[in-house]
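Novice: Now for the letters of each chain:
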Amino acid sequence: MRLTRSGERSMLRVEERPYTRKLGENMTKIVLLAAAAAMSLGLPAFGGSHGDGPVKAGFVYVGPIGDGGWTYEHHQGLLAVEEHFGDKVETVYQESVPEGADAERAMTQMALQGADIIFTTSFGYMDPTINVAANFPDVKFEHATGYKRADNVSTYSARFYEGRAVQGHIAGKMTKTNKIGYIASYPIPEVIRGINSAYIHAKKANPDVEMSVIWVYTWFDPPKEADAAKALIDNGVDVVLQHTDSTAPQAAAAEAGVISFGQASDMSEYAPLPRVSSIIDNWAPYYIARVQAVMDGTWESVDTWDGIGPGMVEIGEITDAVPADVKAEAEALRDAIGSGEYHAFTGPLNKQDGSPWLAEGETADDGTLVGMNFYVEGITGEIPN
Amino acid sequence: MELGSINPVLLISALLLASTPILLAAMGELVVEKSGVLNLGVEGMMIVGAVAGFIAAVESGSPALGFLAAAAAAAVLALLFGVLTQVLLSNQVATGLGLTLFGLGISSLMGQGYVGVRPPASPRLELPVLSELPILGPVLFNQHALVYLSLALVVGVWWYLRSTRSGLILRAVGESHEAAHALGYSVLGTRLAAIAFGGALAGLGGACLSLVIVPQWTEGMTAGRGWIALAIVVFGSWRAWRVLLGAYLFGGVSVLQLNLQAAGIAIPVELLSMSPYLITILVLVIISSDKRRAQANAPNSLGRTFHASG
Numbered sequence: 001m002r003l004t005r006s007g008e009r010s011m012l013r014v015e016e017r018p019y020t021r022k023l024g025e026n027m028t029k030i031v032l033l034a035a036a037a038a039m040s041l042g043l044p045a046f047g048g049s050h051g052d053g054p055v056k057a058g059f060v061y062v063g064p065i066g067d068g069g070w071t072y073e074h075h076q077g078l079l080a081v082e083e084h085f086g087d088k089v090e091t092v093y094q095e096s097v098p099e100g101a102d103a104e105r106a107m108t109q110m111a112l113q114g115a116d117i118i119f120t121t122s123f124g125y126m127d128p129t130i131n132v133a134a135n136f137p138d139v140k141f142e143h144a145t146g147y148k149r150a151d152n153v154s155t156y157s158a159r160f161y162e163g164r165a166v167q168g169h170i171a172g173k174m175t176k177t178n179k180i181g182y183i184a185s186y187p188i189p190e191v192i193r194g195i196n197s198a199y200i201h202a203k204k205a206n207p208d209v210e211m212s213v214i215w216v217y218t219w220f221d222p223p224k225e226a227d228a229a230k231a232l233i234d235n236g237v238d239v240v241l242q243h244t245d246s247t248a249p250q251a252a253a254a255e256a257g258v259i260s261f262g263q264a265s266d267m268s269e270y271a272p273l274p275r276v277s278s279i280i281d282n283w284a285p286y287y288i289a290r291v292q293a294v295m296d297g298t299w300e301s302v303d304t305w306d307g308i309g310p311g312m313v314e315i316g317e318i319t320d321a322v323p324a325d326v327k328a329e330a331e332a333l334r335d336a337i338g339s340g341e342y343h344a345f346t347g348p349l350n351k352q353d354g355s356p357w358l359a360e361g362e363t364a365d366d367g368t369l370v371g372m373n374f375y376v377e378g379i380t381g382e383i384p385n
Numbered sequence: 001m002e003l004g005s006i007n008p009v010l011l012i013s014a015l016l017l018a019s020t021p022i023l024l025a026a027m028g029e030l031v032v033e034k035s036g037v038l039n040l041g042v043e044g045m046m047i048v049g050a051v052a053g054f055i056a057a058v059e060s061g062s063p064a065l066g067f068l069a070a071a072a073a074a075a076v077l078a079l080l081f082g083v084l085t086q087v088l089l090s091n092q093v094a095t096g097l098g099l100t101l102f103g104l105g106i107s108s109l110m111g112q113g114y115v116g117v118r119p120p121a122s123p124r125l126e127l128p129v130l131s132e133l134p135i136l137g138p139v140l141f142n143q144h145a146l147v148y149l150s151l152a153l154v155v156g157v158w159w160y161l162r163s164t165r166s167g168l169i170l171r172a173v174g175e176s177h178e179a180a181h182a183l184g185y186s187v188l189g190t191r192l193a194a195i196a197f198g199g200a201l202a203g204l205g206g207a208c209l210s211l212v213i214v215p216q217w218t219e220g221m222t223a224g225r226g227w228i229a230l231a232i233v234v235f236g237s238w239r240a241w242r243v244l245l246g247a248y249l250f251g252g253v254s255v256l257q258l259n260l261q262a263a264g265i266a267i268p269v270e271l272l273s274m275s276p277y278l279i280t281i282l283v284l285v286i287i288s289s290d291k292r293r294a295q296a297n298a299p300n301s302l303g304r305t306f307h308a309s310g
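Residue numbers (the numbering used here), protein chains in the order written: chain H, 1 to 385; chain R, 1 to 310.
Keep in mind that a hint or two might mislead.
To be verified - What follows is a list of derived Cβ distance ranges for each label pair:
| id | chain 1 | residue 1 | chain 2 | residue 2 | range |
| --- | --- | --- | --- | --- | --- |
| 1 | H | Lys204 | R | Ile281 | 26 to 34 Å |
| 2 | R | Leu125 | H | Pro323 | 21 to 29 Å |
| 3 | H | Leu112 | R | Leu125 | 36 to 44 Å |
| 4 | H | Gly297 | R | Val87 | 54 to 62 Å |
Claimed, not checked - So, partial list: chain H residues that the calculated Cβ filter (under 10 Å) puts toward chain R:
| id | residue |
| --- | --- |
| 5 | Val213 |
| 6 | Tyr217 |
| 7 | Glu341 |
To be verified - Here are a few chain H residues that sit away from chain R, every Cβ distance over 10 Å (derived from the structure):
| id | residue |
| --- | --- |
| 8 | Gly124 |
| 9 | Thr247 |
| 10 | Trp357 |
Worth flagging that the hints you see were computed from the coordinates, not collected in a lab. Glycine included, C-beta positions come from ideal geometry on N, C-alpha and C.
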């Protein structure tokens, strides 16, 4: 009886107040829709110069150009292209484009605006780039860090893992707690290579070293990156490596008095401490060469993967916070990798499960590295799927 | 469960701080929505607060001035929204989205010369004697001042909406603006005040990110926290204490999952990463599962435009 009556009453109330019900439900929808809309709109920002029949180069960025890291360096490449070609080139860029379907919209828009060559600068743009490229066979596409190519799609990437080897060595020598931490973005081969390379060389420098990896599932989220750095530090880590795009972990490291490394960009504003060195991505020569190729009509689909040797990866200045002997060792390692006499993945190396990977003196082939999906022996934890 | 190297005192301390920006922004939006206005520009107001607070703190050397500037700048931005939607009667959803885009753009312009600059340190508030207490001391009495302020604001907002005459008027305006207007209350004045208050709190939340949590200025550094705050107001069914719970759950689980990863606890990372969103939504949906009461708490005039002649 009571149940029925209260049920009736609640029905009545709903009928009496149709607005209440409608608004309550719609509110959630509105907020979620609005959130989705705003995220996908991103922040369009177009810049560029005009001239007579210039080559138009487009750049799609995953973060803001002021992130101080990854996107900042790609934008430096754009600026170098402008500087080099003057009014023979016109550039256009869009910042903070989410990876996924919305990236296709940004690329399509650029192609429709008459871009001759479009650089898509994040791993997650891989399929969108291939899809859009199929619709615009006359436009050249350049996808960074991916592995899918087409007649009008090139790929390019830097051997960041070579720089990671140098960082790993310094990290292993510098840690006092024997715990180093790694802020990882997404479980993709590029990131896993970096983790492995850093760990292998930290372990060589210091057999007692342990490494904690935190996956943050974002390229750019400064508060989350800072929280991840703090979580590592709170758990006893005193050297923080990052594979995310902002300088937030540097600030967290500075506050806690631990050591960090600049990522993608020099991040020299945090030198000499906490930032003791850095990996700098130098895209400018590549971008200039590729735009030149479009001008000359010699552009063709290629796969470029350059490291320290050709200068696509640079090691930022090692500061005086690092003892002179460690600095000398790190620089020797850098030069050995640069000259090709040493490979960052040289056996004997086992995979995490103990199965042999590389025999004594054997070096990893690019095919394995490109698709790397396993940890080397000694790293604890699992790679998420 | 073995918690390895996690220090519970540091953990609780970290999660209180991590939750504060979202809590501040959500409390502001709660008051705005209770007055019947839907301001989707929280993200934009937060980021403007973040940059304005950062600039003021760097230039003056005083974090306190930075927080004041953050609140003021975001309140001004909010009032722009207020004038557009309340006086010029523009669409609230579109204007709010526009406010976010505008805020993101103008903040990156304002912050041009401040990338890589280190702000003055905002020290924790150490209460003498009390902060020396074992365990309780560091957790309860050694937090940043904003943490205490945000908690005081929760109590203040709850008390204001529930027990004051002005709070009753604000709710009346939000439930039925025609009726409130007919009774002689100023719908426009009430709503503009609420919008400015909401903006000020969102700005404080932003400054908490740029001055305390990160602490640095980076473009786009709020990275979606304004949207989380909006969602928490809805899932918290417009009640101050549920919004508090939502913000702490989200902030807490976010920090906890990072710590579990750092300590190498064997839980799948995919689950850990999803957990802040899942747990917050789940808990708030369950506690507000009495649909009739939850919806009765949604302001009836929410998002509707009001014109005094109507």
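Novice: Hint by hint, note whether the structure agrees.
Specialist: Going through the hints against the structure:
Taking the beta carbon of each, lysine 204 (chain H) and isoleucine 281 (chain R) are about 46 Å apart, not inside 26 to 34 Å as hinted. A hinted range of 21 to 29 Å for the beta carbons of leucine 125 (chain R) and proline 323 (chain H) is inconsistent with their spacing of about 38 Å. Taken as a hint, the range 36 to 44 Å is violated for the pair leucine 112 (chain H) and leucine 125 (chain R), whose Cβ atoms sit roughly 55 Å apart. Evaluation of the 54 to 62 Å hint for glycine 297 (chain H) and valine 87 (chain R) yields a pass: the beta carbon distance comes to about 58 Å.
A cut of 10 Å between beta carbons decides the hint on valine 213 (chain H): the least distance to chain R is about 7 Å, and the hint holds. Annotation: interface hint on tyrosine 217 (chain H) holds; nearest CB of chain R at approximately 5 Å, less than 10 Å. With a cut of 10 Å, the hint placing glutamate 341 (chain H) at the interface with chain R is violated, because the nearest CB-to-CB distance is about 36 Å. Here glycine 124 (chain H) stays apart from chain R, with its beta-carbon at least about 16 Å from theirs, past the 10 Å limit.
Distance check on threonine 247 (chain H): its Cβ comes as close as 6 Å (rounded) to a Cβ of chain R, failing to clear the 10 Å threshold; non-interface status is violated. Annotated as non-interface, tryptophan 357 (chain H) keeps its C-beta farther than 10 Å from every C-beta of chain R; the closest such distance is 23 Å.
Violated hints for the displayed structure, listed by number in ascending order: 1, 2, 3, 7, 9.
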